[in-house]
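There are 4 protein chains.
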Amino acid sequence: MANQQFKDCIDACAACAVACSYCATECLKEANPEKLVRCIQLDLECAAICRSAVEVMSLGSEFSADLCRVCANACNACAQECEQHAHMGMDHCRRCAEACRACAKACEQMATPV
Amino acid sequence: MANQQFKDCIDACAACAVACSYCATECLKEANPEKLVRCIQLDLECAAICRSAVEVMSLGSEFSADLCRVCANACNACAQECEQHAHMGMDHCRRCAEACRACAKACEQMATPV
Amino acid sequence: MANQQFKDCIDACAACAVACSYCATECLKEANPEKLVRCIQLDLECAAICRSAVEVMSLGSEFSADLCRVCANACNACAQECEQHAHMGMDHCRRCAEACRACAKACEQMATPV
Amino acid sequence: MANQQFKDCIDACAACAVACSYCATECLKEANPEKLVRCIQLDLECAAICRSAVEVMSLGSEFSADLCRVCANACNACAQECEQHAHMGMDHCRRCAEACRACAKACEQMATPV
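Chains as they are written, first to last, in numbering that gives the first Met the number 0: chain A, 0 to 113; chain Z, 0 to 113; chain X, 0 to 113; chain W, 0 to 113.
Do not rely on the hints blindly, as some may be mistaken.
Stated by the list, open to error - Simulated crosslink set (SDA-like; lysine to any residue; CA at most 20 Å straight-line):
1) W:K34 x Z:E33
2) W:K34 x Z:R37
3) Z:K6 x Z:Q108
4) A:K104 x W:F62
To be verified - Listed below are several chain W residues computed to face chain X (Cβ distance under 10 Å; list not exhaustive):
5) I9
6) T24
7) G59
8) N72
What the hints assert, rightly or not - Footprint (simulated), chain Z over chain A, 3 or more residues, beta carbon under 8 Å:
9) 20-26
10) 49-62
Calculated directly from the structure, the hints in this document are not laboratory data.
We put the CB at the ideal spot given by N, CA and C, even for glycine.
Please model the entire structure based on the sequences and the hints provided.
Okay, structure coming up:
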């Protein structure tokens, strides 16, 4: 339904954006949100960039590779932070970290000139 | 990975946003884009509203139902237009219409108070 | 530069989206972010809806009035919350509340059938 | 109301996003939209990236400089295209080109490490 070359990366970015927004709001509901400040911050930044990547790739844009480069960096930073909380029973962080790593991988392939 | 109550609707809106953006750019590549002006216009409007619905539901927002009401209307309008071109060999319009109808249905269920 | 009929409302929504995103991240930096959880949550929801309203009005969409109705509600809810913190030395909340009230007013005028 | 360091660039990107979306829909209304296909396409891509830049800078994100680099490229490409139509009486293209050049300049300053 989308540009076939971008299909998998669009799906990964869309899933990551949702996981990041959800993780941010779940972090806010935790007993000690003050310990999750950087997690929430990176969730919001990563979600914004992922949403943009989805839109730009859906348009088949010539700037997709450039944006995917930025997106991969944001996803890896967010994953690294979420992974620190994933073992503390925070399932939203574990799922978010997984979505971020998968998205980073897809974006890195998109960003690399073939 | 997202608010479970919103899961299906988020997926439908995300797929619809991608289909609409893709349809708009494919319409621009057709031999007679001047005949597809309203289709492109509604694609862009529908994509914008669907993207917003995805984000708002991902945040578990109390405004989700209100936004889904608007989204259902936009999706139905876009579907109605795309369906007129779907039989003229324009596969992007056919697929977009399908995504719009599925999204409208999911949003209507979300918009209806239980 | 934009649809003239929407000009003022676009400007108000764009300013509100920026103020809300900024307020959310400044709240996260406060000494007691756990007391600002609802503020951050509404900031994020309001920002998402305002961004959508800007885009939809920029496109001159027929769904602008419907979306502005939702946006006015989100802005008023966010303003009400931010106003509670505005007197506690949180300048970002004071400014955000002002932007939200101005945006709600502009959106209500847009949403009202003339 | 926003991160002061980003203030001017946020304003330029927000104005550019609106000008690009408006230009796209005005191009669709022209007598010969088929001659404006690349203009519409770049308008949509540039608007998407500008919106993302606004959001990311509003969040005070560490990825702002990277995104501004991509945004500057998109703005210059869109400006170059719009400038070709600006002398043909298309005021929306003239205004869009101006907004794109101003945004590119602001983003380049943001993207450059001080």
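Results of checking the hints against the structure:
Between K34 (chain W) and E33 (chain Z), the direct Cα distance comes to roughly 10 Å. Compliance with the 20 Å bound is thereby established for this hinted pair. About 17 Å separates the Cα atoms of K34 (chain W) and R37 (chain Z), which keeps this hinted pair within 20 Å; it holds. Pair hint K6 (chain Z) plus Q108 (chain Z) holds up; C-alpha atoms about 12 Å apart against a cutoff of 20 Å. Proximity of K104 (chain A) to F62 (chain W) is assessed by CA-CA distance (about 18 Å); at most 20 Å being required, the pair is judged to hold.
Using the Cβ-Cβ criterion of 10 Å, the hint placing I9 (chain W) at the interface with chain X is satisfied: the shortest such distance is roughly 6 Å. Below 10 Å, beta-carbon pairs count as interface contacts, and T24 (chain W) has one with chain X at about 5 Å; its hint therefore holds. This hint holds: G59 (chain W) has a C-beta 5 Å from the nearest C-beta of chain X, less than the 10 Å allowed. A cut of 10 Å between beta carbons decides the hint on N72 (chain W): the least distance to chain X is about 21 Å, and the hint is violated.
As drawn, the region 20-26 of chain A meets chain Z at 4 residues by the rule of a beta-carbon pair under 8 Å; at three or more, the given contact holds. With 6 residues carrying a beta carbon less than 8 Å from a beta carbon of chain Z, the region 49-62 of chain A meets the three-residue requirement, and the given coverage holds.
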